[in-house]
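One line per chain: the protein sequences are A and B, in this order. At position 65 of the first sequence the residue is numbered 65 (my numbering), and the sequence of numbers has no breaks. At position 118 of the second sequence the residue is numbered 1118 (my numbering), and the sequence of numbers has no breaks.
Careful, some of the hints might be misleading.
One side of the interface only, derived from the structure: several residues of chain A facing chain B at Cβ under 10 Å [what the hints assert, rightly or not]:
#, residue
1, 27
2, 32
3, 34
4, 53
5, 69
6, 124
7, 163
Using 30 Å as the maximum straight-line C-alpha spacing, the simulated DSSO-like pairs for lysine-lysine come out as follows [what the hints assert, rightly or not]:
#, chain 1, residue 1, chain 2, residue 2
8, B, 1067, B, 1145
9, B, 1063, B, 1035
10, A, 162, B, 1328
11, B, 1145, B, 1063
12, A, 162, B, 1145
13, B, 1145, A, 82
14, B, 1067, B, 1035
None of these hints come from the bench; they were simulated from the model. All residues carry an ideal CB built from backbone N, CA and C; glycine is no exception.
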Amino acid sequence: MHLALFIIFGLLCLGGALNLLLQRHPINSALSLIVVMSSLAVLYLLLGAEFLALAQIIVYSGAIMVLFVFVIMLLNAGLEEKTHGSRAAYLAGIPGMLALLGVLGGTFFTLRSSFGSARLGAYLATTHDLAQVLFRNLLLPFEVTSILILVAILGAVVLARKEH
Amino acid sequence: MNQFLIFILLTLLKIAVVTVVFLTAVAYTVLLERKLVGRIQNRWGPSRVGPFGLMQPLADGLKLFLKEDLMPSAVERPLFILAPIIALGCALTSIAVMPYGRDIRWHGVDMFQIANINVGLLVILGVTSIGVYGIALSGWSSNNKYSLLGSLRSTAQMISYELALGLSVIGVVLRTGSLNLRDIVNLQATHGVLSWNAFGGVQIVAFFIYLTAAFAETNRTPFDLPEAESELTAGYHTEYSSMKFAMFFMAEYANMINVGAVATLLFLGGWSSPFGHLFPDFGGPIVHALLPVFWFVAKIFCFLFLYVWVRGTLPRFRYDQLMGFGWKFLLPLAIANVVVTGLVLAVHG
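Extracted from the complex, chain A is given alone in its bound form:
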């Protein structure tokens, strides 16, 4: 059951990612990205991270991608145009991507014995467990990250403010 869901949503995730690259209209790409993020949420859920899965849906599939779609709609972005730059990007990008994939795949394959492993559906991290880890064991890094995000928000406000 878990394996079937893993295969279905893993394939959906990969399909969405490919479609994201192949579509020529930005809104279709944005919608594919939503599919990718939602299928990732299901994969998190299969690994027992229920809070993370729902946070992924609410924050990424919901809030952030709505902003993407919003901006695309607002700018009324048209079809992607082919220029000389895009041909150069094809020529350099595809071999580059394959090389990166090869290096990463090779590294994971050779080092796979030293990684831990997780079985699907064997473990459930409840929201309570997550809160214990975040607010007891890792309180300092958590607060530092919050302050970092706060600084970023303030920076965005300063940049967006009108000059008087």
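With chain A held as given, fit chain B onto it using these hints.
Leaving out everything else, chain B in the frame of chain A:
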């Protein structure tokens, strides 16, 4: 029969019953609104089809079903068709995690909730945030400036008020210590009205924030700018006809019921009776099982009544007022509520 088969069959039964009841409720909410707004405006409302106009939803449904399904020539066809499906699908999903009665088991299956999920509250928030795409895409794919303006307004409004809505819920979660909707209701079911979050739990401010944000989330008056007919024709569903229009219409009313149901679960004790703790042995087993469902439905009905009443009473906000109210008043108030609730709970435990 083995346990798994029983589980599947009973779950399908629950889904079928809840869906049919929910869709009927959606149809009759439309009638309720037309009747009540009629009375508020000193006229009768629908009264010709059946006794007291009670068959009106059937006639409306038949009319919409038989109308020609126009497909405008310049629309982005796949997204144009997908948008109402997303809107209605998301509107019909949230009810699946809501408990609508006591935890009474039959063959080991909880008969008064379709799915009891640990993070049920987050599921509802997640489904709501996906539902925004229905409206956003419908406006964009229609290739019509009124639709686009309507959907832009709606999307901006929903993103803004979702923050206040999400934060208003945190007080309740802090008090319960759980995201499970059954736990949230059970905590409120012990001492009648006194243990409801809105009163005994002193979440009355959060209740106000939730209610206001909910009006904005469902695009209802006084926040119905996405479909302000004097400026935008009909807003995001201008180009839709027949069943596709009906799907948006149903989604809107289903969302009204959803929001009322969530407010009931979080702030007004869900299925618990306001004075039930005084008569713990009232009635036989059947009454014991069905009375909570009655209370749940009655509370949702009060919310629907309030919705219609507000629509009949308040004028529409201006757009800058809407954004200012959401960001400068509701959001800080919601944050203050979280801080105060957290401090009180930290001191009193």
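Against the structure, the hints:
| no. | hint | result |
| --- | --- | --- |
| 1 | 27 | 7 Å, holds |
| 2 | 32 | 12 Å, violated |
| 3 | 34 | 7 Å, holds |
| 4 | 53 | 8 Å, holds |
| 5 | 69 | 5 Å, holds |
| 6 | 124 | 8 Å, holds |
| 7 | 163 | 21 Å, violated |
| 8 | 1067/B to 1145/B | 25 Å, holds |
| 9 | 1063/B to 1035/B | 19 Å, holds |
| 10 | 162/A to 1328/B | 18 Å, holds |
| 11 | 1145/B to 1063/B | 28 Å, holds |
| 12 | 162/A to 1145/B | 28 Å, holds |
| 13 | 1145/B to 82/A | 28 Å, holds |
| 14 | 1067/B to 1035/B | 24 Å, holds |
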